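Those protein sequences? They're chains R and W, same order as listed.
With my numbering applied, the first sequence closes on residue 114, and no number is skipped along the way.
With my numbering applied, the second sequence closes on residue 227, and no number is skipped along the way.
Calculated directly from the structure, the hints in this document are not laboratory data.
Just so you know, these numbers come straight off a predicted model, no measurement behind them.
The C-beta atom is built at its ideal place from N, Cα and C for all residues, glycine as well.
It is possible that some hints are incorrect.
As the list claims (entries may be wrong) - Which residues of chain R face chain W? A few of them, derived with a C-beta cut under 10 Å, are:
1) I26
2) H29
3) Y33
What the hints assert, rightly or not - Under the rule of at most 30 Å between Cα atoms (straight-line distance), these lysine-lysine pairs were calculated in the BS3-like manner:
4) K172/W - K57/R
5) K151/W - K57/R
6) K185/W - K57/R
7) K17/R - K156/W
8) K151/W - K171/W
9) K11/R - K156/W
10) K136/W - K171/W
11) K156/W - K15/R
12) K151/W - K11/R
Listed here are the chains, written in short residue letters.
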Amino acid sequence: GAGVSQSPSNKVTEKGKDVELRCDPISGHTALYWYRQSLGQGLEFLIYFQGNSAPDKSGLPSDRFSAERTGGSVSTLTIQRTQQEDSAVYLCASSLANRGNEQYFGPGTRLTVT
Amino acid sequence: GENVEQHPSTLSVQEGDSAVIKCTYSDSASNYFPWYKQELGKGPQLIIDIRSNVGEKKDQRIAVTLNKTAKHFSLHITETQPEDSAVYFCAMGTGTGFQKLVFGTGTRLLVSP
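Okay, chain R solo, but in the shape it has when bound (with noise of 0.2 Å):
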């Protein structure tokens, strides 16, 4: 079947500007995730949504950014006033609710902030 699906694959944007990630989950995963890649590193944990309970935004890195969830499944990932350090592949996955560890990953979009 589909897996995650994300887009843009390629955003480049001017320092400043706001930005919109989106991801599909694969059909009937209730958990969503967003991590960040930065060049050469690991994944940092930003977001994640299970159900109808409440997003746990622990790992979001400023005001800047926020997420949404509509109808429990796309997510837009959102950064205002973009900054260079933004600059990174945002990553998304999801889980069967009672697989919940079991996270499937989407190819990611390259954010370039100039």
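Given chain R's structure and the hints, the job is docking chain W onto it.
This is chain W only, laid out in the frame that chain R set:
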């Protein structure tokens, strides 16, 4: 804070040799330890995971061992093939339901034919 240390950062082996990657973790409460393989330009792919109620798990050429007392776990790849070349990440589940993954910094594995 919660962290995972991963070694080595790079590993070069000849085709057919075995490869071992080791990770140590800080959160003694964690009970979930996955391994991911990431190829260039792609997202990480879950290849194997282990939960704390077992000490070893094997899937064909890949095995993972866990030592909860020492807080370390390892990935073992036998009979390596060139297509095994990639970056491998270990991770530790933390937080409620151990759903937040804390990742190691990765190991670049190169398998030469």
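Hints, verified against the model:
no.	hint	verdict
1	I26	violated (12 Å)
2	H29	violated (12 Å)
3	Y33	holds (8 Å)
4	K172/W - K57/R	violated (35 Å)
5	K151/W - K57/R	holds (26 Å)
6	K185/W - K57/R	holds (27 Å)
7	K17/R - K156/W	holds (26 Å)
8	K151/W - K171/W	holds (17 Å)
9	K11/R - K156/W	holds (16 Å)
10	K136/W - K171/W	holds (15 Å)
11	K156/W - K15/R	holds (26 Å)
12	K151/W - K11/R	holds (24 Å)
Hint violations for this structure: numbers 1, 2, 4, all remaining hints satisfied.
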